[in-house]
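S.K.: Going line by line, the protein sequences match chains F and H.
Residue numbers for the first sequence follow UniProt numbering, so the first one is 1 and each next one is one higher.
Residue numbers for the second sequence follow UniProt numbering, so the first one is 1 and each next one is one higher.
Hints may be right or wrong, so weigh each one.
Quick list of in silico lysine-lysine cross-link-like pairs, DSSO-like style, CA-CA up to 30 Å [unchecked claim]:
no. : chain 1 : residue 1 : chain 2 : residue 2
1   : F       : Lys-189   : F       : Lys-154
2   : H       : Lys-30    : F       : Lys-154
3   : H       : Lys-38    : H       : Lys-23
4   : F       : Lys-152   : H       : Lys-23
Okay, the calculated bits of chain H under chain F, using three or more residues with CB under 8 Å as the criterion [claimed, not checked]:
no. : region
5   : 11-18
6   : 30-39
A few chain H residues facing chain F, derived, Cβ under 8 Å [as the list claims (entries may be wrong)]:
no. : residue
7   : Ile-3
8   : Asn-4
9   : Ile-5
10  : Thr-6
11  : Leu-7
12  : Thr-21
13  : Phe-24
14  : Val-25
15  : Trp-26
Bear in mind the hints are in silico, worked out from the structure with no lab data behind them.
Every residue, glycine too, gets a C-beta built ideally from N, C-alpha and C.
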Amino acid sequence: MAAGGSATDYVQHHLVHASVGEGFWTLHLDTLIVSWVLGLIFLGVFYSVARRASVEAPSGIQTAIEACVEFIDNQTRESFHGPREFVAPLALTIFVWVLLWNLMDLLPVDLFPVLGKLVGIEYVRILPSADMNATFGLSLTVLALIIIYSIKGKGWGGFGKELIHHPFGAHPLLWPANLMLNIVEMIAKPVSLGMRLFGNLYAAEMIFILIALLPIWAQWIPGVAWAIFHILVIPLQAFIFMVLTVVYLSLAYEEH
Amino acid sequence: MGINITLFGQMITFTVFILFTMKFVWPPIKQAMSEREKRIQDGLASAERASHELELAKEQGAAHIREAKNQAAEIIEKANRQGASLVDEAREEARTVAERERVAAEARIEQEVSQARAALRREVSELAILGASRILEREVDPKAHQQMLDQLTEQV
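One chain only, chain F, in its complex shape (with noise of 0.2 Å):
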């Protein structure tokens, strides 16, 4: 769909997010629309099936929900050995959520532009997973549970005695080392885990940009490989930000 406009300007168009604001007061209104829809869609679904839950005759839908929640309950049990209340429902929202905006990656890139075209709007992006505000959203909130969790198992005093003693020792000569690393550690995991799930989907979705820039005779071919194997990056990406997360907590409230 190169018509109109070279294959940079078509590119280039697609990279624009719908957004009021300007410099740091952006808002991205596309994410955080696509982003709500998609967890309302999910809590929607979820309280619904919850509040009738049964436990004589579980329906269709509260069997595959309850699938799911003994797999993300079974995954949170193995790594993190403190109380759950909190943890496995987080897992759940980050797994759910996370893999909900990565479908979006398989709606057809050029749906949303032309539908937003025809009411006015000029730029969309459907695909939340694409947008760092998005994943570092979630990532920027893992690392203030993992401070939370480090407090709470540790206590104030463990926390800051970790942070100074490790991983080198208690030495005072070494405790400006010590501090650094541990700082630079604790940056690491949000980005890692950020960076990770922006940079998986939106790779993927500029492949499925440049396989729209082809002749539309040829586009099903690289189209349909490319979706098949995405259908295994979409659930690997959401579960490996769940089950880091879930780690990273389990690390943070743990003595070492």
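Following the hints, position chain H against chain F.
M.R.: The following block gives chain H in isolation, referenced to the frame of chain F:
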């Protein structure tokens, strides 16, 4: 591209979603699942218990039947024994009664015979006396004698 205020919007949304899941989604589903698990476990345990009890009841029933059979056999044997002894006793009694009757009857017959003999003897002697007195009073008439003697013999 680039980080902006959207990030904080996403963080707030994320936090709200987590809290909602924690409050309203996770606990009811989890509770239904563990409740079902518990019911299945209870059901299996009670099935096991019931089959055990059935086994026990079968054993007890068999023991009861065996005991009842033994008792019945014992009762029949006792009855047989009692019946036989009753018959024996009855036979014995009948024999003694018959013996007594016979002895009594014999005694009575003996008595009657001797009475009859005594009576005969008395009558013969009376007749002899009568005959003699008549012979002495009348002339001997052979014909009359004959007649008298015939009468005499007839009477004896």
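S.K.: The structure should be examined with respect to each hint, and the outcome stated for every one.
M.R.: Structure-based check of each hint:
1. F:Lys-189 x F:Lys-154: holds (19 Å)
2. H:Lys-30 x F:Lys-154: Holds. H:Lys-30 to F:Lys-154 sits at ~29 Å (cutoff 30 Å).
3. H:Lys-38 x H:Lys-23: Distance of about 23 Å is within 30 Å: holds.
4. F:Lys-152 x H:Lys-23: holds (20 Å)
5. 11-18: holds (count 6)
6. 30-39: n = 7 at 8 Å, threshold three: holds.
7. Ile-3: holds (6 Å)
8. Asn-4: The hint holds - H:Asn-4 has a Cβ within 8 Å of chain F, the shortest such distance being about 4 Å.
9. Ile-5: Holds - the Cβ of H:Ile-5 comes within 8 Å of chain F, reaching about 5 Å at its closest.
10. Thr-6: Interface hint status for H:Thr-6: holds (4 Å vs cutoff 8 Å).
11. Leu-7: holds (4 Å)
12. Thr-21: holds (4 Å)
13. Phe-24: Interface hint status for H:Phe-24: holds (6 Å vs cutoff 8 Å).
14. Val-25: holds (5 Å)
15. Trp-26: Check passed: Cβ of H:Trp-26 comes within 4 Å of chain F, closer than 8 Å.
In the structure shown, no violation is registered for any of the earlier numbered hints.
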